[in-house]
Structure formats: structure tokens, C-alpha cells
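A.B. asks: So you can see what is in the structure, the chains are spelled out below.
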Amino acid sequence: MPLEKSETGGGRPIVRCRSLSKRYKVGAVEVPALNGVDLDIAPGDFATLAGPSGSGKTTLLNLIGGLDRPTSGSVELDGQDLAELDKNRMAELRLSKIGFVFQAYNLVPVLSAAENIELILQLLGVAAGERRRRASAALAEVGLAGLEDRRPAFLSGGQQQRVAVARALVARPAIVLADEPTANLDSHTAEELVALMARLNRASKVTFLIAAHDPRVIARARRHIEMTDGVITADGRHEPVLAAG
Amino acid sequence: MAWRNLWRNRGRTAITLIVVAAGVYSILCLTALVEAWAQSSRQATLDWVIGSAQIHAPGFMDDPKLARRMAAPGPALRAALASPGVAGWSSRLRVPAAAQSEYRLLPVTLIGVDPAAEARVSIIARRIERGRFLGGPQSEGVVIGAHLAQRLKTDVGRRIILMSPDASGRLAERSFDVVGLFAGNLAAEDADVFTGIATTRAMLGAPGAVTEIALAVPNESRLPAVLAAVRSAAPALDVRSWRKLSPMADAIDSFMQAFVDIWLWIMFVLVGIGVVNTQLTAVRERTREFGLLQALGMRPRLIVAEVAMESALLIGLGVAIGMAASGLTIGALHAGVDLGGLARGAAFWGAGRVLHPSLAASQFVELALIVWALGVLVALWPAWRAARVSPVEVISHAT
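If you read the sequences in order, they're chains A and B.
With the first letter of the first sequence counted as 1, position 216 gets the number 207 in this note's numbering; the numbers rise by one all the way through.
If you count the second sequence from 1, you need to add 27 to reach this note's numbering.
Since the hints were made in silico from the structure, they are not lab data.
Nothing here was measured: the structure is a model prediction, and the numbers come from that model.
We treat Cβ as the ideally placed atom computed from N, Cα and C, and that holds for glycine.
Errors might be hidden in some of the hints.
If you want the footprint, here are the derived chain A segments under chain B, 3+ residues with CB under 8 Å [stated by the list, open to error]:
{"hint": "1", "region": "49 to 62"}
{"hint": "2", "region": "76 to 82"}
{"hint": "3", "region": "108 to 117"}
{"hint": "4", "region": "142 to 148"}
Between the sequences and the hints, there should be enough to build the whole structure, so can you do that?
C.D. replies: Next up, the structure:
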């Protein structure tokens, strides 16, 4: 699959990283996780971030998502320099502009599927009736209509991850950051989930940046970024091998 | 979410509920019981002759002799003594005296009283062990303590001679029939001799004389206002509350209060430790969830509010259970806790045989609210810990 060099198309990128570095302290030793990464993600992208374990994929996602602070360099999200934000404003930015999908689903166990989705809307101050309506619509969008009142413990792994995707998308964020979303799923369920995310990307134009080893995910992506030892070693666009289903 | 989280770990929730409910139960029940003991002890002392307060001529308390007598209360003082809160008052002619039987001469305090007025201030008439109390202010019999009768080797129906300096300073003496023996207060039993006030005045040649006015104010909280009114009506007289008149009763009362306070603080600390311990465990178990909530955009102060809300609900529920259980217990015991075999020991400490535990509604609610507020306050620490969870450390796995 030939890769073309990636461009953001001239418009303002949704994510802009410059000279991004991150070092972790392990005891007295400093371990470099990212080394001067420059990266732009264009609005509407469906990009994958691949690389061996320890290559810095999750670290890069955490920095873009404002979950962690860089040692040096900068991250701009939708034009906002994250270094300027304190803890509370960072939380507000995550709430309004970023959707997260984690490897381990990470749903709140005491809340039903609909309530997990409503939680985001509640934090955004959306009225109760509107919350319920939008949560039901989001669940329907990911193929879980009728399971609104199920608690996570009564959903399969695939269903839980679909709820997580619905939760990530319900507030119409600027970007969805997904970290190994298919890692805990069987191949059939993983295939369905990837197809779902690709379809939602095309339908809603929400940007997706997905850290993944899974070739099924990479095959659906229009842009593929490779990382090794904390640096980007390849970054190119291609037509998805598999069409969004 | 807070309410549902309470039922995630039913065992831990149950333990916290038990800790809080048991703490509230023991705080409320023991407070009611100790206060009943203190009240009983205080009343047992005050109801004999002291009353809630007394009025004397200046100097009488230092040198209690007939020369330091006062006039019968005038209209202003009578009006003050009729103020709300005063259950009754009694004028007395109280002087030092000597009582002589065929066998012994012993120092006593001769107290001339009007039995009808005295009944509103003192329980002496209800503590007659043998014989009867005085019939009226002109009564010519005497009522003495059972222990004094023993020491004088006298009894009901026999005569004793009472001697005391009269108004002119000469020793007056008169013989009296012993008409009754009282018992129940060792100090009073040994010293106090009661007869009619008119008889005492006649014996001492002091018509209309009064050396002491005792008043009963059953509601302790009203005593300061009553004392202020009395002092204002009779500024030249010496007005003292029972605390000044009976330092022993005051000391026992203060000791009981200190005991209750120490007990309350121990219980508050224990409940606080219990709450912090269980809530910290709960926070530790949910570290990942708090990290997730922060990652999703929940601000740290909302996480503090969430955990504090859980604590408030949990502790509130425990407090409610403790209040209900203690309310039922205090209600059941209010009719009277008979100290039975402890009665002699209780009497030594001045307490009655039967205690009537009770707590004012305001105190009941106030103590429960303090436990709740303290519990919520100490639970802020686990809440603060929850808000400090780093989302990246609990959510992500480095790749």
C-alpha cells in the first residue's frame, strides 16, 4: 500500500504538535518517550498511529488529549495552546473538544449505558430531557438501540466499546482519540467496531486519531502514521483498503 | 451516581453505617443517661433545702445569725419572685442552734418554715421516714433527720430541747415534740431541724423575721433571668444561685458535663476515623474511575463534590439510623431507669434511685448534626485524594 506524504490541506489543523518531547522519570533515570515530534492532524481525518510497544503512541495521544503535560514543545488543539490551560480549563477543553475511547472500555459501572453517555452531556449542562434524547440517538447510531438501561456488567466487550464510542461522539467533539480500541475484542467484533468508527467519521466528519496495531484498523484509515522510539518514522495518506461499512 | 455508588460495596457501606449509627446511638443515649444522672444528682441536692437560688441579708452566708435577718419580701421582690420560671418560693427563719436530748447535745440548724410554701421548693415533706411533716407555720412539733435522731438517741413522740440566741442576744430555749423523721440526704439528716416559722419567730422574739428565701426554678436555663429580676428588685440583698450555695453540687454537675464532653469527643474522633478509613478504601478502589471521570472532562472540584456527596448521604443515613434507635431507647427509658442495687451508691453521690433519661429535641438534633457535619468534613480528605488522581496514570498503558 503506497503512502503519499501527508498534508493538512491548507486549512487550520485540528491538532498541531511542534517539537513535542516527553521524558518520564523512573527513579533517578530519565526515559525518553517522545523526541521532538511535529504533527498536524487535519479536520475530518481518520488517522492511525502505529508502532511497536514503547514507541510513544499512547504518550502522544495523552499529550494531544491534555491528559499529560509535555517536557518540551507545544500542542495546539483547535487553535488552543494547551500549555496555557490550568487543570480546570484543561478539563473543560477535554469535555467540549475531545472524545476518548480507551482500550479497557472504561465505563462507569454504576451507570447504565445511556447514563454513561448522558454523563458527558450532564457535565456540559445539557437539560435532562435533551440528554436522554441525545443519548438514545447516540446508542442507536452505534447499533445499541434498546440497551439504554443495561449496566456495563450486562454488556459484552464489543457492546461496551460501542457505548464508549457513543460517549466519545455524543458531544460532537473536534477529535476522537482512541487508544487500542480493538485490543480487547475478538476479531469479528473488532471488525465491526472499526467499520463503525470509519462510518461515523465519514458521516459526522469528526476527526479520529487511533493508536492501533490492528491491521483491520489501519486498513480503514486514510492516513497512517508510524512511530518508533518516540519519533515519527512515516506519515502518509492512502485510500482505505476497506470501505467504510 | 453518589447514591448508587453507596451500594457498590454493600459490605463497606454496611460497616460505615454501623460505625456511624453506633456512634450516634452511644453519643445520644449516653448523653441522655449522664444528663439524667447529673440532673438527678443536682435535684437530689437542691430539692432538700437549697432550692435553685436563695436570698439573704448581706453577710448572713458568712455569719448566719439572727442579727443578719431581713424583712419579709415587699411588693417589688414578690413581683420578681412571681416571674415566669419560678415554681415557688419559701421564706425561712434559719439559725444555728443546739439540740439536746436526754443523752446528748448536738449542733444543728433550726429552720422555721411554712409547710405549704416549703412544699413548692423542697421535697422534705415527701421524705418522711416515720411520723409526719409539720402541719402549718404555727406547728410546735419538730421534724429531724433519722441520723440525728439516732445520734440524739431520740425518736418520734419524744421531746428534745432546741437552743439558739434570740433577737436580744440571749439564749432562748424551748422543748419540742419530735413529730417526724426524714431520711435520704446524709448532710441534711445530720444537721437540719424543721419547725413552724411562726413558732421559731416566737421562740426567738423576732416577729416577721426572715433570714432566708429559697426559690425553685425547675428549668435551669431560666435561672439567670430570674436571678437578674430578683437582684434588680432587691439590690441590697445577697442573691446566690445553687452553684454558689452548693459548690459540691456544682462540682459534680461540672464533672458530669466534662465527662459528657470528653465522651462526645472520643466518639466524634472514633466516628471520624471510621468514616475516613472506609471512604479512603472506597476512593482507592475507584482510583481508575476517578481518573476516567477527569479524563472525560469532570473538573477536580466536581469529583470532590461527588465523593463528598456520597459521604454526606452515607453518614446521613447512619446518623438517621442512630437517631431512630437512640430515640426509641431514650423514649423507652424515659419512664425511669431503676438503679436498684446501686441505689445506696447513687445516694452517696447525691443521685436519686430512679433516673429519667431525656434529651431536648434541639440537643438531640444538634448532636446528630455535629456527627454528620464532622463526618462530611473528615470525608473531604478522601474526596480531595480522589480529585488528585492523575488520569494519565490510571487510564493509559504506555505503548
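A.B. asks: Next step is simple, just say for each hint if it's right about the structure.
C.D. replies: Now for the hints, and whether the structure bears them out:
no., hint, in the structure
1, 49 to 62, "holds (count 7)"
2, 76 to 82, "holds (count 3)"
3, 108 to 117, "holds (count 3)"
4, 142 to 148, "violated (count 0)"
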